[in-house]
Amino acid sequence: MSHSANGMVNYLNHDKGIKSWLFTLDHKRIGIMYLVAVSLAFLAGGILALLVRIELLAPGETIMSADAYNQSFTLHAVLMIFAFIIPAIPAVMGNFALPIQLGAKDVAFPRLNLASFYIYLIGAAIAMSALIVGRIDGGWTFYTPYSTSIGDGILFVTAGVFVMGFSSILTGLNFIVTVHKMRAPGLTWNRLPLFIWSIYATSIVQVLATPVIGITVLLLFLEKAFQIGIFDPALGGDPVLFQHFFWFYSHPAVYIMILPAFGVVSDLMGTFSRHQVSGYKFVALSSVAIAFLGFLVWGHHMFVSGQSAVSSVVFSLITYLIGIPTGVKVINWVQTMYKGSVQFKSPMLYAIMFLFTFSIGGFTGIMLGVLAIDIHLHDTYFVVAHFHYVMMGGNVIAALGGLHYWWPKMTGKLYNETQAKIAAFLVFFGFNLTFFPQFIMGAQGMPRRYYDYLPQYEGYHQLSTYGSWVLGVGLFLIAYYLLVSVFKGKKAGLNPWGALTLEWTHTTTPPDHHNFLETPVVTRGAYDFHLARHLFEHGGEVTELEGMGDGASTLPETPATEDATV
Amino acid sequence: MSTPHSDQPAHVKHYFVSSEQQFDAAKMGMWLFLVTEILLFSGMFVAYTIYRSWHPETWAALSTALDWKLGGLNTIVLLGSSFTVALGIHHIQKGNKKGLIINLILTFLFAGVFLVVKYFEYSAKIEHGLLPGAAFDPHGISYGFDYATYNVPYGPQFFSIYFVMTGIHGFHVLVGMGLFAWITRKAIRGDFSAEYYTPVENCGLYWHLVDIIWIFLFPLLYLI
Amino acid sequence: MGDNGSVWLPDAMSTLAGEVDALFWFVFWASTIIFAMVIVAKVYFMVKFRRTDETYVPEPVEESKVLEAVWIVLPTILTLIVFTWGFEVFVKLNTAPPDSYEISVRAQQWSWEFQYQEGAVSYTEMYVPVGRPVKLVMNSSDVLHSFFVPDFRIKHDVIPNRYTSVWFEATQAGEYDIYCTEYCGTQHSGMMAKVVAVPQDEFNKWIAEQSQDLPPAELGLQVYAQCQACHSVDGSAGIGPTLAGLYGTTRPLADGSTVVADEDYLLESIVNPMAKIAEGYQPVMPAMFSSTLSPKQLDGLVAYIKTLE
Amino acid sequence: MSHTEHHITSLKTLSIVFGALVFLTVFTVFTAQFDLGAFNVPLALAIALTKASLVVLIFMALIWDNKVNAVILAVGCLFVVVFISFILLDTEYRGDLSNTFEQTLMDERLEAERAAMGDTEAAESQAADH
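Protein chains in written order, with our numbering: chain A, 1 to 566; chain B, 1 to 224; chain C, 1 to 309; chain D, 1 to 130.
If you are wondering where the hints come from, they were derived from the structure by calculation, not from laboratory data. Glycine residues also receive a C-beta, built at the ideal position from the N, C-alpha and C atoms. Keep in mind that the hints are not guaranteed to be accurate.
Stated by the list, open to error - Coverage of chain B stretches by chain A, computed from C-beta distances (three or more under 8 Å per stretch; other residues unrestricted):
{"#": "1", "stretch": "30-37"}
{"#": "2", "stretch": "124-138"}
{"#": "3", "stretch": "150-162"}
{"#": "4", "stretch": "178-185"}
Stated by the list, open to error - Some chain A residues well away from chain C (every beta-carbon gap over 12 Å; in silico):
{"#": "5", "residue": "37"}
{"#": "6", "residue": "183"}
{"#": "7", "residue": "190"}
{"#": "8", "residue": "417"}
Produce the entire structure from the sequences given, and follow the hints as far as they go.
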């Protein structure tokens, strides 16, 4: 029932055994390994989130002590940000799809690519080992001097983040070189899929910003280990300086998280509207522009921190420079549907969902950028809701869309579309029920990172907790039918969505080990559906490959075994 | 795994179209890596700038605690090693393998000298309690000079920055020595030729960057 | 929700809260209208251009330069208005009037201490006069904290080794919650206090009372406000041992020995908490507390503990 | 497989650059002997920048290299400048509105101590520092 059924050799079954996976240099297999790893991180972070929400169901102690709660939300954040969101789209879908979309046989440095994966695993392991060493609370921001006043666990978390940073840097570096040097003939910059543009922009941020979190956590490490007095006020250091260091990375990191989502959504909107993405050049270049501008606004996290007023004003002003192109992008995505031919398969549902949730995240971001309003809203649940609307409503929703989009290509199997639609609805409903009440209670004054709260916020907290359960059910349903599809799913066709990028038009499902038999030659843009009419003469699903790759050799007579599946 | 095109030399990986593409990609990757190094060090330069602008009197007082003669010697040593790396690349570009090997060994030795000098500098500081942060405790008299006069406010910060900056830099020198040992071995084995010397070129780029960082550290810490 | 609060915002009880709220509502409604327009367009396109013919491949659409210019220029103008407006209110929020009544605020894990110019000190309640600007000069003795009064729309981080300040002018008598909004450890969420705004004459009376000499146990009760996050007086367990019935008993210690809880032991445990750790508790109590207490206050605290049966 | 694109820097050029670098090192040590007031730092930095440029352009052969690599380096340096200057925007202007006090408590204490020590003693101890 596996891939031998289609009689083809592909990247999943050309070589067998656990070693062929652990030592693979194939970007597709590395992508799949990342998928497994980040899914586990998401599961762990998600369970912690559910526990945190249950604790907040009522004021006072519900299921855990204050210390347990403080550690739970901290670990939830560290796992979700460093081990899940940052690698999610670039390392999973970027690794799987980017080289194929470029018409390349692999990334520029495959060995480095595998090394990045293991560095990521090691970093995550070091960070997790902090749990054994001692108490880790205080949130993912590690603000000094609190972070240096708690136990030695902080040494491990910072070391883990430092190591995971290297993984992120090396992945970004690899992708930048790949995009520059390995494009197929005819694939000019303005024919690139927007997914590539966004991953490219993301990689720039990864390369430029991540080293700074490296030096920041290194200094924090030294501060804790040797009391070097750079950040610790008791020794004459400046805690606000730490916040500058931290946000110089962590604000651009927000764009590491959201830019890939822009790319996925662009691809989905184009493909499922069967229409050119409106304002292609603007969407492409603004991603790069946002990547750079993202470095100039970090101080908007520090309006009440004690930084000088003049820098608050400057940071606030530049914040709007980013808001405007982002807003125009949303309009472009909506406009893509105009006079298109819109189909509502499950990946597209996520794209549409994204437009809704991300817009709310964006508008509330503008609100938080206003100097006077931020003073009231800073460090309240309003901020919590805002960044969940951007991170989860943006990145995670887009990642789910991308996963549903590329799943048939990755595994060669189709998932149950009805279940997928039910799950998408549950995720949408659950997400909004969880986080929308948090805007209101935040504006009412409910501070974040509170174990206990005053009774006037109880109703909102209850709604939020119930929402988290719905959201959890939706996410588990997704995990369920995707896993089922691997074993029992129907065989996926070559191009079930009628997409025009090379992974759909020039290679088999699942792709061949070397991606293509011959280097493809690109003759049109990624969304020039009107130049590819001939592909759609027989309806929605495209069943023929346009170019090289369909001549993949048939599988030799070895009996089919299952170890090559995920 | 690799299925090189029959018309390509052995060093070209199967996923590259040509040796040229492979060389360009490797070099671009290296430059990107260098940028990450620059940004890594930038954090320390920021800390330096901020604390210097807050406490200029401390900086003026304590830069005299560092020995400019040793720092200057190390500057010349590192410049020399950069020079030998450049010479090595020049030789291999012309196909002179022996010239490459000699220059690589020289570079390795220069790096060693740098670290030895650094060792003497550090031990003098440690002996007199010129240590980072909470450990800062200048004491002792040497050559009739009382080190206790270095006990000025924010002295701990100066030495924190000094040790972290030179420490990270020294770590890079150590890594560089490892890299040069590795490529010297490859060079002796005969891996490089006028057609293929990408690792030499990239190690060289790394080494020049280490040199450049020192070019800034020297005046900032020792002189002004 | 009080008399002038709404679904979104709590009561506006300071002179500047109204200005912040006006800006909030402007951004809120502008965003909501634009958001609604985007969503309506989205839903309309979804319905109108849904795929009915599987073979249909639409032509690309000529993009309208005018439309593009509109949705770049309009938001730019809007955000500039919002920025300028926000800037003006920001400056007001950060510039205390010169005739402000000044109160020193000291934050520590996990309590607030308010010192008045007249020498009075209070802990869980900060008394302020209504209708007079009050400037708080704040400092932390351990980690970062943040002083937040939602009803006044003010917030500022409280930093060790540095003074920061906020100001407000309460418009009505009443009690308003104070939160700490910068994460500061186990009892972060318990680090609350109240602003008690009273008319000026009542405030003067209160200050006068506070400045009188108190009997030691009553002074100790005041100081105890800093301890209540961890140490109960009703026998219930907390982060630290309860103080109820503590005096005079024999206490088992973490190292296996025992000690009689006499005055010396109590004083030592306050001044040097790490010296003797009670069995079953973590050594987490900061020594910071005692460093800010006068000998008189320390004696008062011990006297207060002695009264607890 | 053409190597014509790989620029080979001549021994003469390399030697001249090395000589210039050594000279500049000696020069910067020499100028550091004099107190030029406000010009101390800019001068030392200018010499260091010149030296760094020589290494980048000639030793690292960036001047003959693919322009993309030059852009990468330039962007990297640009963000270092952004990093430093935006933080200076904070640290240099702290206390510009009354919500944050310019001086730290530690500095206040030090100042008080200095005042208590008396002017003459302070002057003496300062003289001893140099």
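Now for the hints, and whether the structure bears them out:
Requiring three or more residues with a Cβ within less than 8 Å of a Cβ of chain A, the coverage given for the stretch 30-37 of chain B holds, as 5 such residues are present. Judged by the Cβ-Cβ criterion of 8 Å, the stretch 124-138 of chain B is covered by chain A as claimed, because 4 of its residues qualify and three suffice. Taking a C-beta to C-beta cut-off of 8 Å, the stretch 150-162 of chain B contributes 6 residues in contact with chain A, enough for the three needed, and the coverage statement holds. With 0 residues bearing a CB less than 8 Å from a CB of chain A, the stretch 178-185 of chain B misses the requirement of three and the coverage assertion fails.
For residue 37 of chain A, the non-interface assignment is confirmed: its Cβ lies about 29 Å from the closest Cβ of chain C, beyond the 12 Å cut-off. Annotated as non-interface, residue 183 of chain A keeps its C-beta farther than 12 Å from every C-beta of chain C; the closest such distance is 23 Å. Distance check for residue 190 of chain A against chain C: the nearest CB is about 14 Å away, which clears 12 Å, and the non-interface claim stands. Listed as a non-interface residue, residue 417 of chain A keeps its Cβ farther than 12 Å from every Cβ of chain C; the least gap is roughly 15 Å.
This entry does not satisfy hint 4, going by the numbered hints stated previously; all others are met.
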